[in-house]
Structure formats: C-alpha cells, structure tokens
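Student: Given next are the chains, with one letter for each unit.
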Amino acid sequence: MEIVLKGIWHSYDNQIMVLKRIDLEFKEPGIYVVLGPNGAGKTTLMKITSLILRPLQGVVLVEGVDFWGLDKEKKEEIRKSIVYVHDKPILLRGSVRDNISIGMKIRGKIDEDLIDHYIKRYSLAEVQKRSVHKLSAGQAKAISIIRALVLKPQVLVLDEPFVFLDDSRARILVEDIVDIVNCGGKVLIATHYIHKELRNEINYVIELVSGEIKSVVKIH
Amino acid sequence: MVESISSITIRSLYISSVASFSAFIIAILISLWLSKSKRRMDMLSPILEALVGIPTTVIGLLVYMLLCPRGPLGFFKLLYTPYAIMLGEFFVALPTATSYMARHFYNVRENVKELVLSLGSSNEKFITVLILRELVPILLSSYLIAFSRTIGELGVALIAGGGIEGYTNVLTTAIALQTSLGNYEYAIWIGIILITITLLIVVVVKLLGEYVLWK
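Residue numbers (the UniProt record's numbering), protein chains in the order written: chain A, 1 to 220; chain B, 1 to 215.
Once the Cα atoms are required to be at most 16 Å apart in a straight line, the calculated EDC-like pairs of lysine to aspartate or glutamate come out as:
hint, chain 1, residue 1, chain 2, residue 2
1, A, 134, A, 98
2, A, 88, B, 114
3, B, 38, A, 13
4, B, 113, A, 76
5, A, 80, B, 124
6, B, 36, B, 124
7, B, 125, A, 76
8, A, 88, B, 110
9, A, 152, A, 111
10, B, 125, A, 73
11, A, 6, A, 23
12, A, 105, B, 124
13, A, 75, B, 124
14, A, 214, A, 23
15, A, 120, A, 176
16, A, 72, B, 124
17, B, 125, B, 114
18, A, 80, B, 114
Chain A regions said to be covered by chain B (calculated; three or more residues, Cβ under 8 Å):
hint, region
19, 71-80
20, 95-108
21, 144-151
These are computed hints drawn from the structure, not numbers from a lab. All C-beta atoms, glycine included, are put in the ideal place defined by N, C-alpha and C.
With the rest of the complex left out, here is chain A (with noise of 0.2 Å):
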C-alpha cells in the first residue's frame, strides 16, 4: 500500500503550525525512522499519515486516491490496512487479553491462537488476566504493541515504541518489525532515538525539525 503525503501543512489551534510543507513518499517496503527531538511535529505526522488525522491542508494520497475525498465506505476498507500504536498506549477496562484483542472484536473475527502466540512471545503469559491498570508501563506498551501486530497490517506505524521496553522484549519487536517488512509491508517509526537494535534494519531515516523535513536519507 502505497501512502503520499502532498503539501501538508497542521496546526491544531489555526496558529501554531505543527507541520510545514510535508512532502513524503511511503512507497517501497521497508522501515522508515521519522527522527526528531520532542515537539517536531513526529506524533501529528504519524497521525496523518495513518489516516487518523485529517491535514488542514495539503492532500494524502493512498494508492494514488486522495483518502479524506472518499465515501465513509471507502475510507472504512483502506484504514484496515494501517494500525497506529500510541507513544502512551491506550487501555481500556478489562484484561490483558481483552485490550489484545479489541481490533479483531472490530473486524469481527478473534483468532485465539494468535493472541497465545504474541502473548507468550512478548512474556505476558502470567499477566494475561490481569486488570490492565495493575500493569507496568513496559506492559502496557507492549500490549499496544501486540494488539497492533494481531491484525496483520500493512502498514504499522509506531510512535516511540522502544520507549518503557526493556531488551528483550525490544529485540523481539525488531524482529517482528522486520518480519512484516519481508512479507512486503512498511513499518513507520517515530522516535527521538535510534534503538541499537533497530539499526540495522533501518531502510529510511526522515528527519523532522520543527515541523519541517530536514532530509531523507536511504540507507538500505
């Protein structure tokens, strides 16, 4: 799936402009870093570009559709395709299990096995009952993680991932990041640092200052 960002501009208060004459091109699989120090404008670029935003000007294009001038139909089967994980994840009442698997309850289809699956790889078999609220921010991070990576997207975008993820669990997401790159998606990453272990990995660095792109290097 192919995402063009075209001329976008946003401000939230119609004053301060957070992002300026973004001009960006997702179109080959890979891993693309958006690299910036805090308040460059990474979290709204990264929720532009994931279809969660809509830009005050400027036009996202998906497949070469302008996204925000389709039906709700439309606009419905394209988000399918790209899963935003928050910086400060998003739990909701319940379980570990339950917050898992609220995209599938979405699509409607609950694959169980799966969930096991993720569960065990990220170590939160023993807390997989437990009330989210009684969790680490580690945790916590890493079942916004999963609940991302059970819906198989396309295109997963990720706002400070390695934040709260100690190693191990963050060497598994890197390997997981990587996995989806091989099955031809894209993995978006939006971080004030490069994890060692994402390194090598990375195809593309965007630099983001003040809400303006410094400069895009390709790097594999």
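Dock chain B against the given chain A, drawing on the hints supplied.
Tutor: Same frame as chain A, now just chain B:
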C-alpha cells in the same frame, strides 16, 4: 422528646438519595452534551468548576427566596419540607457531579475514538459500545460523589428545611441543633454516623474500582 438517631439517619439517607439521584440523571444529560465538543468543554468547564465552590448556605438562601410565601414558587408551599431540602441539595450536587462526569466523559470519548481509529476503523457502533463500557465506573463514582456532597451539607438543610424534629431534621441539622442545646454526647453520636456513612462511600468506591469495575 429527642428524635431517635435511626429515624434521622433514614430521613437523611432518603432526602440525600433523591436529591443526588436527580442531580446525577441531569448531570449525565449535561455531560453527554458538553463532552461532544471541545469548544463547549473549554467554555463551560471553568463555570461548572466555579459553581462547585458556591457555599451551600448561599444555595440555601436562594432556595429559601424561591420557596418563601412571597417567592416565585411560594404557592407550592414547599418551604420547610423535605422537598425544599431535596431541591437545594439537587443544586448542591449538580455542579459537582456534572463537572466530574463531563471531564471524564470527554476524555473517555476522545480516547476510545482515537483507539478505534488507530486500529483501522471508525465504526460508530463499536465506539459507542466501548464508550458506554468505559463510563460505568465513572457513573458510579460520580453518583457517590454527589451523594456524599448532599448528605454532608448543612446550609440548605438548615435554611430551606428548618431542621424541624420528626420532619426535616437531618444528620447535619441534628448535630447543629443538639450542639446548641448542649447535648454534646448525642451530637457526637450523630457525627460518628455521618462520618461512617461518608467513609463507607469512600471504601465502596475504592473497592468497586479495585476489584470489580476496572476488571
């Protein structure tokens, strides 16, 4: 003859329950309307928060002026009746419950919408189901907050209710009355009951939150 503590307690619980439940229902409607728009929230939340701080004696005075024989609602002849206390306590509880609920409703609505969108959907039906599920503990705690605010207030009960023994005397007015008469032991006992009820509410909210509602 001094009225029994049990009858004062039952009357207090009855009046506070009716007042807080009415305020709770209206607060839900206002909060649902408010939480639909960020602009409404930004404009009206500070006003609601300011209303929370209005002294109950002022609300009591307003209810008195409303219900006194020469007041606009004087023909109802409700002054110095349990209904006058209910009306006053309704206004005491309403801003508290609404302020608490609206803020949480807004946050829940935004979070759930954002989450469902992030998982690749904008299914309104599913969003509504998740929002309602998330709101259950908020509704319960806001009702209990409203109830504890009404059962512990004195201004309205004294000014609009008059603290008439056997009729409008509630726990707070009984404490005031017995203290003024020098019956300190009796006043202390009523005080202990009032504190126990308030503490029970806190414990119930905590336990429900900890073991039932967040699961």
